[in-house]
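Q: Next come the chains, spelled out residue by residue.
There are 2 protein chains.
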Amino acid sequence: MKITLSQLSFHTGNFEGNSSKMIAAIEQAKSVGSDLIVFAELATCGYPARDFLEFSDFISQAENSIQQIANHCLGIAAIIGSPRTNPVKAGKDLYNSAYFLSNGKIEEIVDKTLLPNYDIFDEYRYFEPNRQFKTISYLGYTIALTICEDLWNLHDNPMYVTTPMDELMQFNPDFVINIAASPFSTAQISERRNILGGNASRYHLPIFYVNHIGAQTHLIFDGGSCVTNAEGSIIDELDFFVESTKTYDISKKTDKGISIETNKPNPISIRNKYEDIENALVLGIRQYFQKLGFKKAILGLSGGIDSALVSYLAAKALGKENIWAIMLPSNFSSEHSISDSLALAKNLEIGYDIMPIENTFQSFMGTLDKHFGGTTFGLAEENLQSRTRGVLLMGLANKFGHILLNTSNKSELAVGYGTLYGDMCGGLSVIGDLYKTEIYELCRYINRNEEIIPEAILTKEPSAELRPDQKDSDSLPPYEVLDSILFNYIEERMGPTQIIGNGHSKELVQRILKMVNMNEWKRWQAPPVLRISKKAFGPGRRVPISGKYLS
Amino acid sequence: MKITLSQLSFHTGNFEGNSSKMIAAIEQAKSVGSDLIVFAELATCGYPARDFLEFSDFISQAENSIQQIANHCLGIAAIIGSPRTNPVKAGKDLYNSAYFLSNGKIEEIVDKTLLPNYDIFDEYRYFEPNRQFKTISYLGYTIALTICEDLWNLHDNPMYVTTPMDELMQFNPDFVINIAASPFSTAQISERRNILGGNASRYHLPIFYVNHIGAQTHLIFDGGSCVTNAEGSIIDELDFFVESTKTYDISKKTDKGISIETNKPNPISIRNKYEDIENALVLGIRQYFQKLGFKKAILGLSGGIDSALVSYLAAKALGKENIWAIMLPSNFSSEHSISDSLALAKNLEIGYDIMPIENTFQSFMGTLDKHFGGTTFGLAEENLQSRTRGVLLMGLANKFGHILLNTSNKSELAVGYGTLYGDMCGGLSVIGDLYKTEIYELCRYINRNEEIIPEAILTKEPSAELRPDQKDSDSLPPYEVLDSILFNYIEERMGPTQIIGNGHSKELVQRILKMVNMNEWKRWQAPPVLRISKKAFGPGRRVPISGKYLS
Numbered sequence: 003m004k005i006t007l008s009q010l011s012f013h014t015g016n017f018e019g020n021s022s023k024m025i026a027a028i029e030q031a032k033s034v035g036s037d038l039i040v041f042a043e044l045a046t047c048g049y050p051a052r053d054f055l056e057f058s059d060f061i062s063q064a065e066n067s068i069q070q071i072a073n074h075c076l077g078i079a080a081i082i083g084s085p086r087t088n089p090v091k092a093g094k095d096l097y098n099s100a101y102f103l104s105n106g107k108i109e110e111i112v113d114k115t116l117l118p119n120y121d122i123f124d125e126y127r128y129f130e131p132n133r134q135f136k137t138i139s140y141l142g143y144t145i146a147l148t149i150c151e152d153l154w155n156l157h158d159n160p161m162y163v164t165t166p167m168d169e170l171m172q173f174n175p176d177f178v179i180n181i182a183a184s185p186f187s188t189a190q191i192s193e194r195r196n197i198l199g200g201n202a203s204r205y206h207l208p209i210f211y212v213n214h215i216g217a218q219t220h221l222i223f224d225g226g227s228c229v230t231n232a233e234g235s236i237i238d239e240l241d242f243f244v245e246s247t248k249t250y251d252i253s254k255k256t257d258k259g260i261s262i263e264t265n266k267p268n269p270i271s272i273r274n275k276y277e278d279i280e281n282a283l284v285l286g287i288r289q290y291f292q293k294l295g296f297k298k299a300i301l302g303l304s305g306g307i308d309s310a311l312v313s314y315l316a317a318k319a320l321g322k323e324n325i326w327a328i329m330l331p332s333n334f335s336s337e338h339s340i341s342d343s344l345a346l347a348k349n350l351e352i353g354y355d356i357m358p359i360e361n362t363f364q365s366f367m368g369t370l371d372k373h374f375g376g377t378t379f380g381l382a383e384e385n386l387q388s389r390t391r392g393v394l395l396m397g398l399a400n401k402f403g404h405i406l407l408n409t410s411n412k413s414e415l416a417v418g419y420g421t422l423y424g425d426m427c428g429g430l431s432v433i434g435d436l437y438k439t440e441i442y443e444l445c446r447y448i449n450r451n452e453e454i455i456p457e458a459i460l461t462k463e464p465s466a467e468l469r470p471d472q473k474d475s476d477s478l479p480p481y482e483v484l485d486s487i488l489f490n491y492i493e494e495r496m497g498p499t500q501i502i503g504n505g506h507s508k509e510l511v512q513r514i515l516k517m518v519n520m521n522e523w524k525r526w527q528a529p530p531v532l533r534i535s536k537k538a539f540g541p542g543r544r545v546p547i548s549g550k551y552l553s
Numbered sequence: 003m004k005i006t007l008s009q010l011s012f013h014t015g016n017f018e019g020n021s022s023k024m025i026a027a028i029e030q031a032k033s034v035g036s037d038l039i040v041f042a043e044l045a046t047c048g049y050p051a052r053d054f055l056e057f058s059d060f061i062s063q064a065e066n067s068i069q070q071i072a073n074h075c076l077g078i079a080a081i082i083g084s085p086r087t088n089p090v091k092a093g094k095d096l097y098n099s100a101y102f103l104s105n106g107k108i109e110e111i112v113d114k115t116l117l118p119n120y121d122i123f124d125e126y127r128y129f130e131p132n133r134q135f136k137t138i139s140y141l142g143y144t145i146a147l148t149i150c151e152d153l154w155n156l157h158d159n160p161m162y163v164t165t166p167m168d169e170l171m172q173f174n175p176d177f178v179i180n181i182a183a184s185p186f187s188t189a190q191i192s193e194r195r196n197i198l199g200g201n202a203s204r205y206h207l208p209i210f211y212v213n214h215i216g217a218q219t220h221l222i223f224d225g226g227s228c229v230t231n232a233e234g235s236i237i238d239e240l241d242f243f244v245e246s247t248k249t250y251d252i253s254k255k256t257d258k259g260i261s262i263e264t265n266k267p268n269p270i271s272i273r274n275k276y277e278d279i280e281n282a283l284v285l286g287i288r289q290y291f292q293k294l295g296f297k298k299a300i301l302g303l304s305g306g307i308d309s310a311l312v313s314y315l316a317a318k319a320l321g322k323e324n325i326w327a328i329m330l331p332s333n334f335s336s337e338h339s340i341s342d343s344l345a346l347a348k349n350l351e352i353g354y355d356i357m358p359i360e361n362t363f364q365s366f367m368g369t370l371d372k373h374f375g376g377t378t379f380g381l382a383e384e385n386l387q388s389r390t391r392g393v394l395l396m397g398l399a400n401k402f403g404h405i406l407l408n409t410s411n412k413s414e415l416a417v418g419y420g421t422l423y424g425d426m427c428g429g430l431s432v433i434g435d436l437y438k439t440e441i442y443e444l445c446r447y448i449n450r451n452e453e454i455i456p457e458a459i460l461t462k463e464p465s466a467e468l469r470p471d472q473k474d475s476d477s478l479p480p481y482e483v484l485d486s487i488l489f490n491y492i493e494e495r496m497g498p499t500q501i502i503g504n505g506h507s508k509e510l511v512q513r514i515l516k517m518v519n520m521n522e523w524k525r526w527q528a529p530p531v532l533r534i535s536k537k538a539f540g541p542g543r544r545v546p547i548s549g550k551y552l553s
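Sequence lines, in order, name chains A and B. The numbering used here puts the first residue of the first sequence at 3, with every later residue one more than the last. The numbering used here puts the first residue of the second sequence at 3, with every later residue one more than the last.
One should not assume that every hint holds.
Any copy will do: because identical chains look the same in the list, a pair fits if it lies in one copy or spans two.
Said to hold, decoys possible - Computed list of lysine-lysine pairs in BS3-like fashion (alpha-carbon distance at most 25 Å, straight line): (1) K550 x K348; (2) K372 x K401; (3) K473 x K401; (4) K462 x K401; (5) K91 x K348; (6) K401 x K23; (7) K107 x K401; (8) K297 x K550; (9) K91 x K550; (10) K322 x K372; (11) K372 x K297; (12) K318 x K401; (13) K136 x K473; (14) K32 x K318; (15) K297 x K254; (16) K266 x K516; (17) K136 x K550.
Simulated from the structure, these hints should not be mistaken for lab results.
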């Protein structure tokens, strides 16, 4: 039997586009004599469809897609993830299902048992969990068909009381298929491999795994579809961050189990954290623009490392001709803020303009003079400069139909070291899930062969340049210290006692955690952040604004 | 036996404050000879504590609060909602529990069975559902102790397959206690009464019900704690929107059941939709400021109905002396935009200033002239004016430590008829869950006895005044039509076919739904919206930005 894994990029709610893509893949698989093609979880409607799933009109369209695709399943079978109306009244309205299409119709349906409902996942908001187990019989093989999280409890995941594969083993399956929507994070690739290998070796069964690739606003899917043998080794892997399709020849061994063959097997790849992050962010930018129908990005260049990195990533994602960098110096801007920005624009070959903000800033100050007169220059005046820049950038974006890219980093978003409606403006936060120390690492990685981001930008001391001789270190501890505390608190959810126990001063820890919690109101209004860690700001982290915890 | 219902306002994460409040209530109840005092769901930590629940440090503090409160439970018992660590490894880390405290210690714990996980509720994100049922025995009575949603399945709620009261009936309880965190919406009071009455009559048992009052950022709790008899009638009700405590005397009837007596029973109140909305929004503003430690609000007055209404509500919530209204006319502003605003400020007795934006707007236009020169005046220029106002208002808010109140309404938030970082600025959206037609209704209600909001503001045609002679009706259908389509789509989740079937033109419905879905990116960055409907923008409505559904 020939099995084709089809790792595709889908567009949430674009039923026609997603179906056409799958139908084309089915026709292509037929042409190479494949017997079964496998697509990802919720492939018809895209993942995550979020509250669109609550519209019966939306579900009807997904069900129509399945019927339409089934018409093409003659001489080949297909496995496709799609939402399904729960036929009984009790329980949630939907199942998260895997359809087995063959002979031009729906032959079998398997529903998802373990529904992730943590971090960015809300599946129990929409879906009823499966409670009845069955396998698929096809061409003499018994297939254990599972959906993503169904494999994520090897009796060691405290979130679940069921282990679906234990149930499926009573049917003596020959192999496992898992269709997934497993978003990228820097830790996810190795965790996913461990889970797949762990299941394969525990149950002594090969696994065929198909994931999404592509980006849906804040979530990035890296693909990494693969095949394991019954010993738990990954014997072939599809490429990461691109669409990819591959066909495998399987046959029953004379003794027991199945053998799997493919052309040019791709051994398990060694991952580089910063290469993966770069690819993820580039994909995230590119698909955000494509899916919204935009072509060009605009951004403010400060001469600092954050806007430099975003410029590089955007140019890679959209083409250098589609990036418009604006330098917006004030009277507090250093000379190098412009010269370093110009060097960057030259290296990246991107277009730029210089628009000083001093006149407008002074105009604001004039209007406010009745109330600001006699007060000390402070945060309000700093914010005014940042917001003047935001208005200019948004004006250009609106006038010419571009998207403004946000350049905030995770460290500053965490402690509120940024101006809401100022440098926090933008349609997409590109590096909002990277701590400042990670931004340096990523830039060093980008510069590994040649100086793409000017060295001066990497070595100068970080500054917001909103008052004379200002430095980030005036109000924040060194970034290595800050990021370590933030990582403990945000990613590892440690309380103050534990973090102090890691060797930080009590006063500093309390001050930093208080800054994080008191700035929740700013993050509520932040743009969507491309998620690359296991705990990004945004829908995966839901924290009260008016709470009084550590604040 | 004497039972005291204690309807209090809690502050999320403020363990010390919440505990002190409950301890004071316990001491007060002791002084009137009460045997049992009942507090609301998750009273120790506040509701919703959201992802704070994922911090073991936070849970420890809740557990400490319970111990501390238990020390005061001598000669009286208390029922208190609090999170509890799941003692077994399998399943989610926590239970949503009701503690029964007596004799200075924890005597019993009951866990919540039905976990709401829809709209603004995310309980399955944190809590494992209860699967074992038991009652509480106290002073000769058998109490069926339930937590909020546990009563919300009378065999007719498709979300759940369990009906906790069916299970509890095997123990022959004498009455039911339900501790709740049931947020206000215009439909909720009658739904809640129906559910309580339905349970009481179905099981022939009286119910003692305790809800939260207060506001947690976007959510408002109206209280409405009450007692039903065994026939399903509400025999006494605590006041809405205020803290309230009341004690009942119960005794066993000679035949069967219990009799309930109280001083001055408060019969079931007749609710007025707009009175409730006004009270809810006033409470929402007041507690947002209190809980964040702010006192004064600033807002922009346009001469329109939205900012007029917000000014009135804010003055009522914070005191007229704490409101600073700013009029920010441009060259496109009508004369009445100022005169009507002045009349309003006079009626409300609030402070005001006038700050024309023309100079700063022209300064922006000058800076942008290289690129804007020769183009047609359009949306970009309209947004520039709105953003100039946003910068001035935020500048004043930052300088003087005030909170800027947002004045967007639900109709314009829905179709994107507003400027991100302009009139969409603010720390809290006060009327973002009110359609424009509801805003007129609410203002008419406010003016029922005297002209508080000047009549001219209520009768003029709505306009953003961002270009000459602009009217909302230039780009939008009449608000009665628009709001009806929006209500069908947002609250009732109808698809286009259904809405067209309600008598709207296909072209109009498609255009409006497309506007709603294409403006998701703006709402992502909107301030928290005080929720008064069953489907508000914000955490209760989770929609993809880069999706392609009806867009």
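Q: If any of the earlier hints don't hold here, list their numbers in rising order.
A: Failing hints, ascending: 1, 4, 5, 6, 7, 9, 13, 14, 15, 16, 17.
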